[in-house]
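Undergrad: Make a model of the complete structure from these sequences and hints.
Protein chains: 2
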Amino acid sequence: MKSSDTFLSVSRRAMLSAFAAVAALPALFPAPASADLAGDPLPSWNDTASKKAITMFVERVTKQGSPDFVPEAERIATFDNDGTLWAEQPMYSQLLFALDRVKVLAPLHPEWATTEPFASLLKGDVKGALAGGEPALMKIVVETHSGMDSVEFNQIVLDWIGSARHPITNRLYTEMVYQPMLELTAYLRANAFKTFIVSGGGIDFMRPWTDKAYGIPPEQVVGSSGKTRFELRDTKPILMRLPEIDFINDGPGKPVGINAHIGRRPIAAFGNSDGDLQMLEWAKGVGGVRFALLVHHTDAEREWAYDRNSSVGRLDKALDVARAEGWTVVDMKNDWKQIFPFGSK
Amino acid sequence: MKSSDTFLSVSRRAMLSAFAAVAALPALFPAPASADLAGDPLPSWNDTASKKAITMFVERVTKQGSPDFVPEAERIATFDNDGTLWAEQPMYSQLLFALDRVKVLAPLHPEWATTEPFASLLKGDVKGALAGGEPALMKIVVETHSGMDSVEFNQIVLDWIGSARHPITNRLYTEMVYQPMLELTAYLRANAFKTFIVSGGGIDFMRPWTDKAYGIPPEQVVGSSGKTRFELRDTKPILMRLPEIDFINDGPGKPVGINAHIGRRPIAAFGNSDGDLQMLEWAKGVGGVRFALLVHHTDAEREWAYDRNSSVGRLDKALDVARAEGWTVVDMKNDWKQIFPFGSK
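Order-wise, the sequence lines are chains X and E.
By numbering that gives the first Met the number 0, the letter at position 320 of the first sequence is numbered 319, and the numbering carries on one by one without gaps.
By numbering that gives the first Met the number 0, the letter at position 218 of the second sequence is numbered 217, and the numbering carries on one by one without gaps.
These aren't lab readings, by the way, just hints derived from the structure by calculation.
Fair warning: this is a prediction, and the values are worked out from it, not measured in the lab.
Every residue, glycine too, gets a C-beta built ideally from N, C-alpha and C.
Incorrect hints may have been included.
Within a straight-line C-alpha distance of at most 27 angstroms, the following computed DSS-like cross-link-like pairs (lysine-lysine) qualify [claimed, not checked]:
1. X:K193 to E:K211
2. X:K235 to E:K316
3. X:K316 to E:K235
4. X:K226 to E:K283
5. E:K226 to X:K138
6. X:K336 to X:K51
7. E:K235 to X:K283
8. E:K193 to X:K193
Cβ-to-Cβ under 10 angstroms is the rule here; a few derived chain E residues that face chain X [what the hints assert, rightly or not]:
9. G38
10. K51
11. A72
12. I75
13. G146
14. M147
15. P216
16. V220
17. G250
18. G262
TA: The structure is reproduced here in structure tokens:
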């Protein structure tokens, strides 16, 4: 299938960029001081304070004998996904996935023609459908993400992510990833960090493609979830996806999700919105050298510019806390040489 | 502290046994056929059918170019804990932990003197307390595992596991681990498997010590859980443990827990009771070479002998399924040369 070939080739490209960063790194370990000689692990980052803060943190916690040294097993780094690792404008990809699913499933649900939020959606009125707020949104997500088993859902996601296009750039969603963040995750892994995604997005919506897109395997993805039930279909064991929310991994839910899935506190956390505030607070909330970073979307030309008043990826309180606490705030426009692997919006 | 020294030394011993098995292994990779020449990775296993089934499975899935070859990333192995990795007789260790906690907490709960199941417990009548069945048990677990934050609970578990003694052998619980299973987990890891614990026991009861005892880090432990809530205590972020069950990771819950935490299906699963049946079915429930093993407790002299009628670790239906399906059933008495690192009960 063409779409799947394209997906694979995009992913390969992303992986290769990541590997390129890694390839330059091994020399770092025997002689951390000669890092620059061995090549820049973060070539898409300008030489600004953000980049310096990242590399200084990594050098401090990885230097044997340093008072700030952190054993490899404890080098846990957590990344938000939407707006931190890939673009979230003009709408979360998972919502677009859900809207596409509504269209696919509509023939099986004649009642949707007269039931909100589906009726509005099917008339193409997304704004009207979402006027119902979070309950409407939850209804859409629950209805479109349940009623099949886990293997079937996995395939549905793979088919969609391999063919659906971003409404503005017309790129595959897996192309809408941030090149500097690919380099950053690879740089951390090359320094023996274990990288996790900790997202408000659906855990089973992300897992089918995060390894290819970011080098982060399914067992290192934490997200929101629906309930599943073990059943025997004839004699075959399946996990049926139920129309019931299990856990919302957002805001104060993120430290809860981190504790449930990882059982260790991250020493570095990366986000971009108020939904990431508590994760960053949790990472910073103990002694020792800890790192917290917010991606601030400041580049309307190459990406999008938004913060305090955005309905998607609102960054308000967390920005104030970050500035008060001296966390690293990435100014996308000035800190990033390149935005996407393909360039700019 | 003496108790903590002892814990560390026991753990070190367990780790060393595991490492000893690993140390002999690297030669396996370049030339799998010469495994025996390089040393036996499972020295505490007799040369019976069980051992042969394990090594044949590992050789098939790790041999490059073989039709049964499984890429390293997909080599997921899941292990039950109680009765599979360590002894569960005469009572689950976590229950003994909870009973000890009841005694510690009693002064703070004068009402327990007249409230069941606590009243019976405080009179030393464990049997009477547990006559209330699962609700009584849940009440004990919930009351003793909540009301503190995650960091405090972690320390409570570490203090207990470092000093509490098995009621029959008077050994530390971390000594009551099965030497052949330590070798097996190390053997799998040496063959690029990722080993997970998937237990009905409490996830936060296991995580503080599984890395030292088994070489399995916290992020690879799946278990039953209580709810937690993110809070700021003054300005310090904490995860408060609430008196509410979140998830019971037992029986049909095990595939659900595996899917939630790992997001991949194991290619090998190891258990010992009916509570592991669905996990083993899930592992075996797709095409390709898959491995399922039950530890059958048949050695009353060196350990304990129990199966169909046991109240702890009942093995009834799963034994029938295992025999009908040709799963590997370990006969502890005949298959294991040695039971515990220190010898026998």
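Undergrad: A separate judgement is required for each hint: does it hold in the structure or not?
TA: A quick look at each hint next to the structure:
For the proposed pair X:K193 and E:K211, the alpha carbon gap of about 19 angstroms is at most 27 angstroms, so the pair holds. Annotation: proposed proximity of X:K235 to E:K316 holds, straight-line Cα distance about 17 angstroms (limit 27 angstroms). Under the criterion of a C-alpha separation no larger than 27 angstroms, the hint pairing X:K316 with E:K235 is consistent with the structure, at around 17 angstroms. Between X:K226 and E:K283 the alpha-carbon distance is near 22 angstroms, which keeps this suggested pair within the 27 angstroms criterion.
With a C-alpha separation of about 24 angstroms, the suggested pairing of E:K226 with X:K138 holds against the 27 angstroms cut-off. For the given pair, X:K336 sits about 15 angstroms from X:K51 by alpha-carbon distance, which is consistent with the 27 angstroms threshold. With a CA separation close to 10 angstroms, the supplied pair E:K235 and X:K283 stays within the 27 angstroms bound. Taken as a hint, the E:K193 and X:K193 pair is honoured in the structure, with Cα atoms around 14 angstroms apart against an allowance of 27 angstroms.
For E:G38, the interface hint is violated, the least distance from its beta-carbon to any beta-carbon of chain X being 27 angstroms, above 10 angstroms. Because the smallest distance between the Cβ of E:K51 and any Cβ of chain X comes to about 27 angstroms, over 10 angstroms, the interface hint for this residue is violated. The restraint placing E:A72 at the interface with chain X holds, with a minimum CB-CB distance near 6 angstroms, inside the 10 angstroms limit. Annotation: E:I75 was flagged as interfacial toward chain X, and the flag holds, the nearest CB pair being 8 angstroms apart, inside 10 angstroms.
About 16 angstroms separates the beta-carbon of E:G146 from the nearest beta-carbon of chain X, more than 10 angstroms, and the hint is not met. Against a cut-off of 10 angstroms between C-beta atoms, the interface hint on E:M147 is violated, since the closest Cβ of chain X lies about 14 angstroms away. At a threshold of 10 angstroms, the smallest CB-CB gap from E:P216 to chain X is about 6 angstroms, leaving the interface hint in force. Restraint check, E:V220 versus chain X: the minimum CB separation of about 6 angstroms is within 10 angstroms; hint holds.
A distance limit of 10 angstroms between C-beta atoms decides the matter here; for E:G250 the minimum to chain X is near 8 angstroms, and the interface restraint holds. About 3 angstroms separates the beta-carbon of E:G262 from the nearest beta-carbon of chain X, less than 10 angstroms, and the hint is met.
Hint check: violations occur at hints 9, 10, 13, 14; the rest are consistent with the structure.
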